[in-house]
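Protein chains in written order, with this note's numbering: chain A, 1 to 388; chain B, 1 to 388.
Read the hints as simulated data drawn from the structure, not as lab findings.
Treat the hints with caution; some may be incorrect.
You can't tell identical chains apart in this list, so a pair holds if it fits in one copy or across any two.
Derived DSS-like pairs: lysine-lysine, alpha-carbon spacing no greater than 27 Å straight-line [unchecked claim]:
| id | residue 1 | residue 2 |
| --- | --- | --- |
| 1 | LYS277 | LYS80 |
| 2 | LYS123 | LYS321 |
| 3 | LYS33 | LYS123 |
| 4 | LYS3 | LYS321 |
There are 2 protein chains.
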Amino acid sequence: MSKVFVIAQGGGPTAVINQTLVGAVLAARRRHKDAHVLGARFGVRGVAAGDFVDLSALTEDDLRAIAATPGSALGSTRDKPDNAYCGRILAGLRAADADAFIYVGGNDTAGTLQVLEAEAGGKIALVHAPKTIDNDLVENDHTPGFISAALFVAEAFVSIDLDFRALPGIYVGIVMGRHAGFLTASAAAWRRDETDGPHLVYVPEAPFSVDKLVADIRSTFQRFGRCVVAMSEGVTTEGGGPLAESLIPPSRLERDAHGNVQLSGGDLGLALQERLKQEFPKVRARVDTFGYLPRGFIGAISERDRQEAFDVGVFTIEACKKGSGSVALQVAEGETRLATVALAAVAGKTRLMPAGYFDAAASRVTDAGIAYLRRLLPSPPPISTRLL
Amino acid sequence: MSKVFVIAQGGGPTAVINQTLVGAVLAARRRHKDAHVLGARFGVRGVAAGDFVDLSALTEDDLRAIAATPGSALGSTRDKPDNAYCGRILAGLRAADADAFIYVGGNDTAGTLQVLEAEAGGKIALVHAPKTIDNDLVENDHTPGFISAALFVAEAFVSIDLDFRALPGIYVGIVMGRHAGFLTASAAAWRRDETDGPHLVYVPEAPFSVDKLVADIRSTFQRFGRCVVAMSEGVTTEGGGPLAESLIPPSRLERDAHGNVQLSGGDLGLALQERLKQEFPKVRARVDTFGYLPRGFIGAISERDRQEAFDVGVFTIEACKKGSGSVALQVAEGETRLATVALAAVAGKTRLMPAGYFDAAASRVTDAGIAYLRRLLPSPPPISTRLL
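Please construct the entire structure, taking both the sequences and the accompanying hints into account.
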């Protein structure tokens, strides 16, 4: 009897999610001579529709080329299946004679598998492989995809700070992250001392106030002659309200049918830019929205991230033997190790930055937070700023 | 008699402008045993104020570390000196006993030297070293700083296109460039075929129409199921009017005291985002403004750019012997060579993309344009998109 693995990718692409895909395919082949590995196109959508590509037919060279490519090679989806949809997914898995379904993604992806698990009756192993640039999965020390995105953000802020040393002013870079601030905090990973930017960091874990931001910028600017700020797009005000409400005149706020404020990174950026113009009329002030740039930048792929993502893929094939679960990337005594935890332990949960990683009063990442980030990132690039 | 060189950096920083600085310092030392090299802080501002750092006192190791650092190590300025200011600059050069003044920058920088030349009476050699990510200096095949910025943009669009293959939608990336489209065109340098993004490119050299943009996006989206667009922040409408006027409702347009529309990349991005939402309400549409990210990104420095910028610095010391002029980076029969041309040949002039590099009707870079960019950039990174 041949062993059939179905594999799919969910949620936002990363620089290394294809390493996980290819790690799983190569391990399945190596461990099961008659393994059949089907890739579902566009996540569970492809499973439900029976839209599969036969990954067993590819040469190792083809697979290595796919692994080295950022983005989700099979396509992805943001669908959050309801019960009826889950029924179609299970029907698709059964029609494919699947022994196991490996789904690479974040906590939404784990959530989908949890719903399927309740229905599948244990006949198909449902294995979640972690992936997210947000680094917000519980049970994990860090997640595949995060380090490469963090590398981009760290490199960007070293570079922007050098730019603003040369032509002083105020800079705000808005970084992805709705709930967890790890990626934004990475902006500060390589600071050498307090003169280096980002001088101020704002993450979703701490309540945000525009008045405090303006005051923080003013005092930083007075002290260093420039101010570089890293801000999560997910920052919220003390009352939990979206930041836009305290920045944009009510007449210009757009609301959806539920009365919720519609906010994109771009809107936030523009509103901030206007406020900075008012507060610092004579200063060069610029707000950039990094948007999708950090999450799959082909020029900033961490070697460690690449290897860990591949190893997670390999491990999923072992994990399938024990039934359903979520692969977790853990670190104990300095050693990285992979384990399987229950889907319920991960699904729908969001890991925030530990309180000790961020000093909300000072709007900065603490030494403990920096140490965590430096443990993951490559060494800082050598730079010299001795002439100014 | 010791030989005194004053050197300064003007305009926007780049990834390799410090290579030029250090190339000049090392060459001055090597060719003139008693050379004294003074770096002026913040461009001509430092010259006028007598704010110098003694570059002769630095070790070669220190200098190599500075060379490897993006940004302008001496600081920069956007000052465009009038006659009185030029008088103070000349006084500063004379007070320093300068035999030569080397100013690294773009066409504004060459323009400052041209004004100084008229006043200086030939006693001080005034040498312009080219630098600009816009690649818009006449007399040059390309300019130091451009290739590294182009590398960032090419990598960004390869990566974004992979992202949008996985999660289809519409993406517009707005790239720096007020008048010349070289940097934006670099987005297309590594396209393999017509399925690859950017599917559409808009540069300042061709008149822009929002209606054409929307029609172009619609037909591209129908054809490929996604659409990736690269747009210069400097695009203007047929009549030469700023793009904002055709995008933003008149009630929301802000005008300055002269009635000119106030427009930043962020405003343009937001206006586009709103228009795309109206036109394609059910499609994931995102506009990102790259802003300063491409111009000094420490993770995307071209080896060729680094070497050429250094060589330009070395050459300035030779050029000083012949009096004032602008160093030009030329290519003849496939060989790169450095020459000196008159300051007047470069100052205040803007080199646009040759007409043959861009097809305005198709909104795409031509094969000739791609060939030019590929001649400068490193080889494209290997990627595989065979599963979709």
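We went through each hint and held it up to the structure:
no.: 1; hint: LYS277 / LYS80; in the structure: between (41 Å within a copy, 23 Å between copies)
no.: 2; hint: LYS123 / LYS321; in the structure: within (12 Å within a copy, 83 Å between copies)
no.: 3; hint: LYS33 / LYS123; in the structure: within (21 Å within a copy, 82 Å between copies)
no.: 4; hint: LYS3 / LYS321; in the structure: within (11 Å within a copy, 77 Å between copies)
Taken one by one, the earlier hints all hold for this structure without exception.
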